[in-house]
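Student: Let the sequences and hints guide you as you build the complete structure.
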Amino acid sequence: MSADDFTDDMDEIRQIFFDECDEQLALLEEQLTSLTENTGDAEKINTIFRCVHSIKGGAAAFGMEDLVKFSHLFESVLDRFRSGYIPVDMEAVKTFLKCKDTLFDIVGAFKDGGQSYIVAPENVAELDVYLNSGAGSRSENIEMEDVFGLSFAPVKIEIDPPTDQKYSIIINVSSQFYKRGDDIRNILATLSELGQMTVDLDVANVPLLNTIQPDQSYLIWKVLLVTDIARQEIEEVFEWSGDDIHAEIILLTDKIIKTETYLPIFDDKHEELQIKKTVDRKGIATVRVDIQRIDKLVDLIGELVINQGAIQSQMRRNKISGDSFLGNVVAAQEQLIHELQENVIMMRAYPIKTVFQKLGRVVRETARFTDKQVKLILEGEDTEVDRSILEKISDPLTHMVRNAIDHGIEDSAERLKVGKEAEGLLRLRAFQRSGRIIVEIQDDGAGLDPERIYDKAVEKKIIEKGEKLDRDEIFSLIFEPGFSTVAKVTDVSGRGVGMDVVKKSLQQINGRIFINSTKGKGTTFSISLPFTLSVIEGIIFKAERQDFVIPVNNVSETVIFDPAKAFHIGDGKYGYPYRDGYLSVIYAAEILGYRPDGKNQKICFVIENENEDKIAFVVDKIIDHSRFVVKNLEDNYRKIKCFSTATILGDGNVAFILDVEFLFGEILKKESPC
Amino acid sequence: MNVLVVDDSRTMRDLVTRELCKEGYDVETAEDGVDALKKVSGFQPKVVITDLNMPRMDGLQLTKALRARPETRYIPIIFLTTESGGELRQAAREAGATGWIVKPFDGPKLCAAVRRVSS
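Chains as they are written, first to last, in this note's numbering: chain A, 1 to 674; chain U, 1 to 119.
One thing to keep in mind: the hints can contain errors.
What the hints assert, rightly or not - Below, a sample of chain A positions facing chain U; criterion: calculated Cβ distance under 7 Å:
no., residue
1, 17
2, 50
3, 53
4, 54
5, 57
6, 58
7, 61
8, 65
9, 180
10, 181
11, 186
12, 190
Said to hold, decoys possible - Which chain A residues face chain U? A few, computed with CB under 8 Å, are given here:
no., residue
13, 9
14, 13
15, 27
16, 56
17, 179
18, 242
19, 244
What the hints assert, rightly or not - BS3-like cross-link-like pairs, simulated, lysine-lysine; straight-line CA separation at most 25 Å:
no., chain 1, residue 1, chain 2, residue 2
20, A, 179, U, 109
21, U, 46, A, 179
22, A, 179, U, 38
23, A, 296, A, 392
24, A, 179, U, 39
25, A, 456, A, 504
26, A, 375, A, 98
27, A, 375, A, 44
28, A, 69, U, 109
29, A, 179, U, 64
In short, the hints are calculated from the structure, not lab data. The beta carbon of each residue, even a glycine, is placed where N, CA and C say it ideally should be.
Tutor: Below is the structure:
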C-alpha cells in the first residue's frame, strides 16, 4: 500500500464512523425508550453508556471536538446513573432522549462537513444538574475531564535547551511485571533508542540455587544513558509498567530527579473483579459488506436470469422437451438462480426499525411543538424492507406522522372532554402481506370529517358542488394537490408539502396508500409497498408484434377474449362482460397508438389494482411467465407515460414493463365528464 | 507479525488496523472479549490490543481469561481506551495488562508501543 491508499481509506473510515454513529444512536434510542417501561435496568444503562462511549471514542479520533465534549459530558452523567449514584426516573429518561437528539444533531453537523456545533446551553445545564446531584463526589468527574485530552497527541513543550545529559537509571522489576507478559529487554531496547546506553546487570541479590523462587525477580539493571531528551520521556518509558517496575532515574550532573516506589502486588483478593452480567446479542455472526458489492451481485444475477431465459427460449425453439435430461437440468438451474436472487435481495434488506426510530424523534418534537401528549407504539420493527424502498419512505412517513399528531390527535383538554385518555396514541405498524410490505400509521384522534373535506374540496375547486362521491372517494380528496384541511399553516405540518406529495412519492416506488377513518375514533393510513424495486414477477405478452411485460401481482385472472362480446358503450369506450357485470376495456394496441382491428386480440387480462378496481386489458398473445430484473427507464432513457420501467428478455430484446396504475388513470380519464 | 485488535467500535478497529497495517503488521479484529477468545487460538497473535469497555466480555475479563490459558499466558496485552482513570488502570494492571494507551491514540506511538512489547 502506498501512502495515498491510506489517505483514501481514512475517508472511508470516517464514513464507517458515521454509519456506526447511526447504529449506536438507533440502539441508544431503542434502549432509552425501553427504559421508560422498565426503569433501573443496569444492563440497559450499561449499553446506553457504551453507545455514547463509542461515539466519543471515534469522534476523538477524527478530532470532532464538540462531539467529544458533549458525548463526554453525557457519558459522565450516564456513569453516575450506572454507578447507582442517581436513580433513573422518567425525568432522567426525558433528558437522555434530548441528549440523544443533540448527539444526532452534532453527528449530522459533522457528517455534513461542519467543523463545530454549539450545543444549546440549557441542554448542558440539564446535564450539569445531574453531575452535581445525588450521592458521590464530583471531583472524580472533574479529574476525568481535565485528564481527557482532545488533541491527537500531547504537545510537548521544551523548556530546557536540548543538551546531552547523563542519567543513571537503576531498574528493579517485580514478578508481576513478567506475569503481565512484559519483558525487561523491551524496556532496555526502548531506552537504547533514546541515546547512548550502557547496561550493567547486578546479580548480587540472586540467592543460592536451593532457596531460589523461580517466579521471583532478583536482578537489578544499572543503566547509564547519555541523551538530549527531557527526563519526562525517560519516565514515560517506565510509566507504562506502573508499580511493577521500580526505576530510579538520577541526573548525574544533578541530584535525584525521581524515585518511584515499588509496591509488590500479592494481594489475591484484589483480583476479584466484579463480573458484569452480560447479554448475548442474539448469537448471530454478521459480516459487513459494501452495499455496492451487493448491488453488483444483484446486477450479475440479473444477467444470469437473462441468460437463463435465453437458454429456455432456445430450448423451446429447438423443441427440446422439459422432461428431457437437459430440460430437467435447466429447470433445476432456474430454481437455483431464483433462490440465489431472493437471497441476494434479502441481503439488501434492512429492518424498517431504522426508519421507525427516526420517527420517534419526529413524534416527540411534533408533540412538543403542538403541546400535545402522544404515546408512540412501534410494531413489526424487524420487518425487512429493501434498502432502496427504505430510503424513499422516510420522508413521506415523517410527513404523515407529523400530520397525524398535528391534525389527527386532539390536545389533552379536548380528549378528556370526549372521554378519551389525555395521552393520544400513535401506532406505527409494519408487516408483510402477500409479498408486499404494509406500513400502517394509526392514530386515535378526531378522525377525518367527510363533510368538511367535501366542503373544502368544493371551496378549493377540486370538485364541483353537488358531485356524488362515496366515503372513500371523499377521503382520497386529501391527496389532491392544493388540499389542506387546516385553514392556517402550522409550524409543524403546514410546510408547503401536502398529502399529494406524499402520495406521489409513494407511487414512485410503486407504493399505494389507503385511508380508513372513523369520525371521533381516529384514522389509519395504510401504505402498501413492494419488497424490492429490482425484481418483479411478470407475464410477457405480445401486442402489435412487440413484447411487453405486465407485473403478475396485478393480474387477477386471464380469460380468452371474444371480440363479439365486447360492446361499445359510447365515447370510444368498450365494455366486456365479466361475471355478473362488465369491465371497462383497454386494448394494449390502443395505448400504443394503434387502432385495434378486433382480429388479433385473443387474450384478456383482468387487472386489479390495490383498490380492487378491475379493468379488462386486451392483448394479442401470452408468451411466457417469468421473473424480471427491472431497469429504470428514466435513468437510462426518459420518462414514458405508460411504462416506467423495462427489462431485458431472454432473447436479449428490451421489453417495457406496463405501469398498471397508469391504465387505471386512463380509464378514469375516459370516464370523467370532460 | 500477528496483532489481534479487540474493540466493539468498528471505527476504532479500522483505525487501529490501518495504523498497524502501515507498519506491516498482520491484523485480525474481534468485536469483544468473547470474539477475541474465539480467535486467539487460530490466529495466534503476538500482541493483543484491546478496548476496556465492551459488551459481553470487557477488556479486563478478556485479559484474565488470556492469562488463565497456558498458550496465551505471556502474550503482551495493550489496553487502548478512552478511560484514563487511575483505578481502572490499576485494575487492568492487576488483571495482567502489559500496557495502557489512552484514546485518541497517535499512530506512530501505538506502533512504537506494539514494537516495544513484542520485540
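Student: Tell me, in ascending order, the numbers of any earlier hints that this structure violates.
Tutor: 8 and 15
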